[in-house]
Amino acid sequence: MSALTLDDRAAGAHVAVADPSNWNRIKQLDRIGLFITVMTVVVAVFWAFPIYWALVTSFKPEQDVVRPGIELWPERFTFEAYTFTLFQTKIGIWYLNSIVTSLVVTFLVITMSAAAGYAISQLEFPGRKLLWWLILASFMIPIPALIVNHFVLMSQFKLINTWAGVILPQLIAPVTVMIYKQFFDSVPKDFREAAVIDGATELQLLFRLYLPMNWGITTALSIIAFIGAWNQFLWPFLVTTSENMFNVTVGITQVTDAFGVKYARQLATAILAGLPVALIYLIFQRKVTQAIMLTAGIKG
Amino acid sequence: MASVELKNISKRYGSVQVISNLDLFVEEGSFCALLGPSGCGKSTLLRMIAGLEAITEGQAFIGGNEVTNTPPAKRRVAMVFQSYALYPHLTVRGNICFSMSLAGMPKAAQNERADQVAKMLQLEPLMERRPAQLSGGQRQRVAIGRALVRDPEVFLFDEPLSNLDALLRVQMRLELAKLHQDLKTTMIYVTHDQVEAMTLADKIVVLDKGRISQAGTPLELYNFPANRFVASFIGSPAMNFLPATAESVNGETMKVNFAGDTSMTLQTRNSGSPAGSNKLEVGIRPEHVHLVDPDSSQTTIKGKTTIVEQLGNTTFVYVDTPSGPMIVEGDGSLQIAPGTNVGLQFEPKRAHVFGADGMVI
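Protein sequence lines correspond, in order, to chains H and W. Numbered per the working numbering, the first sequence spans residues 1 to 300. Numbered per the working numbering, the second sequence spans residues 1 to 361.
Note that these hints are calculated values from the structure, not bench results. Every residue gets a Cβ at the ideal spot worked out from N, C-alpha and C, and that includes glycine. Keep in mind that the hints are not guaranteed to be accurate.
[Stated by the list, open to error] Estimated spans, in silico, between C-beta atoms of each pair:
#1 W:Lys-119 with H:Leu-134: 40 to 46 Å
#2 W:Lys-119 with H:Phe-107: 41 to 47 Å
#3 H:Thr-111 with W:Ala-166: 46 to 52 Å
#4 H:Ile-280 with W:Glu-112: 42 to 48 Å
#5 H:Met-293 with W:Val-195: 45 to 51 Å
[As the list claims (entries may be wrong)] Sample of chain H residues facing chain W (criterion: CB under 8 Å; computed from the structure):
#6 Gly-127
#7 Asp-190
#8 Ile-197
#9 Glu-202
The shape of chain H in the complex, shown without the other chains (with noise of 0.2 Å):
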């Protein structure tokens, strides 16, 4: 009986295939794969395509690359502008501080923001509901728009040319308290229960089950808060005055000299400034995808 209906199968695929209307289908279908294709391979060579023009400037002499014309490949390699940032910059120290500070930022920003968010989704306490408005609410201005009253705070406190001040204002981050909030409402709150009988403190909660439980997302939202906060340029650039207080990011406007702009010395050292970042998201890609998912608002 098994046997028959295999073998109706077996025909019935055999007759839906050799149907010419289902071959024009399927040659449509193609058509438009293909032209799917095409189109996602050229934005794809349209958007690399400056980091490849990047890395190639960063790879010419100086004057070839002020030279008229687009030269795709050098005709001439040289280290040079490689050799002047790694020598004769404090790019070491810029790095130190960029690590020290994305750290930080990332350390501060997960550990307060998966506080809030546990507090906001599982305590009951006065004035909740008008606290998470408030988040919600201070997610809708922009970061740039409080840049002067940071600059002016940071001042006041004496924090211009320190780590505090650089760390400091990146602490704001709706975002990920959001994130938190949504996935610890996501917890079966009998666990919750079978942790408070067990005699879990609300710390003991939130360390040692809620954050655990959503260690994905902790991983996901650590490594886009270092990624975003390594990036940060325009507060850093403000906050910072003294060459040894530069993040690699600022530090990358250093490089010209009395004659100028350097271009293969400034693309040089914006390659060295985004090399541990892109070394973080080959390592970790898929998590990073996934957080990216979840800061637009889509649950991975």
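With chain H's structure known, arrange chain W on it following the hints.
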């Protein structure tokens, strides 16, 4: 082990009254089942004992100490949830050790205790697995292990078997019964399954709309239901109910008339006379009704068979009577065809008379 006492307990969510002025005493070492349909407040009551729900009014005592406002962790209770609530990021060992770890117990002592519990529940080969790698029955045992390790005074079970398949449910039921025999700890068990309640508990509390409908031993509830609700809820298949009218009351006996000009004399249990109206219902369990010759003098009521279900050890015969449909339980060898005219004989001492207010007369 400790006794559990609730005095005049009420629970309200806004204007919705879930539990109303409820008094309950569970003796130490007993196995008490809270039984009732969905929404009757049985889980709320259990959660109030656990401390997971605040008590709106009244007092709760565990082991004679008032715990009305005591946090759950300090009540010396352990709870097994319907969903098991095993922490998914921890292994079986991690789950069992969780409470000890929170309390700051040394690792070696935690492992020793966890191993003892694992041995008792045959969890030893599963200790390093995560909950997702366990079957339903294994998860259930881990949940019990996690409760056991706390050495509680009272075990609270919230429908712990309802997620298991029928076969596993029977197995776990036996394991729970054995566990209670071994530990002799007070256990309070919430279920809507009367078979679980009847087989496990030595005291059943039937709840209806946030009130205790009846409390007693399983057989008390089965044989002497206090009201129509308990009579209908306990027993499978459910009790037959036939509308009737009281003709005469003579001391502890009452003559009742059924539709179709038939009557019988029954023994009453309480006052012997219906309150207010003489509209009654006579309840009789399927096993207390017997098929007889319709023309026999033993016939209480006549009817015609509609469906016959033969289960091997027993046979259920569905009979249409002038008073409504009835179920008769016969032995497994009973042979009868649908559409047969039959006489039904009631065991008068096993029939229950319920007044218009639903209370037994």
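Quiz item: Looking back at the hints listed earlier, which ones does the structure fail to meet?
Solution: 1, 6 and 9
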